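One-letter residues, chain by chain:
Number of protein chains: 2
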Amino acid sequence: MIKTDLPIYLASKSPRRRKLLKQLNLKFKSFSVETEENVLPDEKPDKAVLRIAEEKMFAARKKIKSGIIITADTLVFLDGKVLGKPVNQTDAFRMLRNLSNKTHQVYSAYCLYNTKTGKTITEFVKTDVTFRKLTDQEISDYIKTGSPMDKAGAYGIQDDFGAVFVDHINGCYYNVVGLPLSKFYHALLRII
Amino acid sequence: MIKTDLPIYLASKSPRRRKLLKQLNLKFKSFSVETEENVLPDEKPDKAVLRIAEEKMFAARKKIKSGIIITADTLVFLDGKVLGKPVNQTDAFRMLRNLSNKTHQVYSAYCLYNTKTGKTITEFVKTDVTFRKLTDQEISDYIKTGSPMDKAGAYGIQDDFGAVFVDHINGCYYNVVGLPLSKFYHALLRII
Chain H
4 MIKTDLPIYL ASKSPRRRKL LKQLNLKFKS FSVETEENVL PDEKPDKAVL RIAEEKMFAA
64 RKKIKSGIII TADTLVFLDG KVLGKPVNQT DAFRMLRNLS NKTHQVYSAY CLYNTKTGKT
124 ITEFVKTDVT FRKLTDQEIS DYIKTGSPMD KAGAYGIQDD FGAVFVDHIN GCYYNVVGLP
184 LSKFYHALLR II
Chain X
4 MIKTDLPIYL ASKSPRRRKL LKQLNLKFKS FSVETEENVL PDEKPDKAVL RIAEEKMFAA
64 RKKIKSGIII TADTLVFLDG KVLGKPVNQT DAFRMLRNLS NKTHQVYSAY CLYNTKTGKT
124 ITEFVKTDVT FRKLTDQEIS DYIKTGSPMD KAGAYGIQDD FGAVFVDHIN GCYYNVVGLP
184 LSKFYHALLR II
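From first to last, the protein sequence lines stand for chains H and X.
Quick note: the first sequence, position 22, residue 25 per my numbering, numbers continuous.
Quick note: the second sequence, position 154, residue 157 per my numbering, numbers continuous.
Bound-form chain H, shown alone:
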């Protein structure tokens, strides 16, 4: 679908994001960058997710001399507060209980950089996600699968459980998985 002579690099450790990129039939190499991913005090969600994606790009550009570089970040907010990855199972339980029967916001940002033209595109997408009411048993069963532990907000919408927890969404589905494919695809066309 997308043709370019430049090699494409994804600077992300996320297996979900790698899978999404493959869905675009893209050939790319991936590597990871180490950056702080904390939201600053009083920082707005959109500003925070864009800044973190840009900081990842700043680190990635030191490693790649020629190509299209992609970085991305996803943040989950509930009642204006960021939900990180759970530190332990109790934390995961608390998070999922808080998400139950409420609407929260998922922000994903990506940053694209073309080393040849020097062009950068940084954009974000917000999706509202509404959980149905969860029972404590359902939450415990989900945590036992281990899946919540490496995920912001302690859930994956593409998980078996995640699928039945989410009642509805308003916005891009893939944005919740980790990359807003439709918007991202167009950005990629523009940067090439």
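No wet-lab data here; the hints were simulated from the structure.
It does not matter which identical chain is meant; a pair holds if it fits inside one copy or across any two.
Derived EDC-like pairs: lysine to aspartate or glutamate, alpha-carbon spacing no greater than 20 Å straight-line:
| hint | residue 1 | residue 2 |
| --- | --- | --- |
| 1 | Lys30 | Asp8 |
| 2 | Lys22 | Asp162 |
| 3 | Lys22 | Asp170 |
| 4 | Lys65 | Glu39 |
| 5 | Lys16 | Glu37 |
Bear in mind the structure is a predicted one, so any value in this text is a computation, not a measurement.
Place chain X on chain H using the hints.
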């Protein structure tokens, strides 16, 4: 996640629906039923999708003497008119061009029947799906993959191309794939 002594049967040929049911960790057998799936003149989308799911159940009940039976149907509506499966590639092209840059509606209904209690649950979910503007080239490339030909509305939201065509949705994602998992899961708990 769901425990029952009764065998579970899915009366549907759709590989997508089978995959969704597996996502619930359900053990089930599947078979197909032959019914008319036409929307009647002046029939409202919600009425039509519920009726078709019920007619499938009527046919399925003749084949199964003991168990939980599941039937389902999905209809795609644009500007109040139903979009069936494309009859040929030209038809698929016309459909996708019509869907471009517009919001359409996907209705999925399921019917559940418990042979032991005689209980039936029939429900539907509506999801709004918004396509971004598609180029003729993108539409042609998608049709070449063959995927649109067996799908109502000539697209699959879970396809590689479908993913980048859909700008956003309002409602349940899995409803667009073919079964609203979150609502369906709760209905299944009630029928067992």
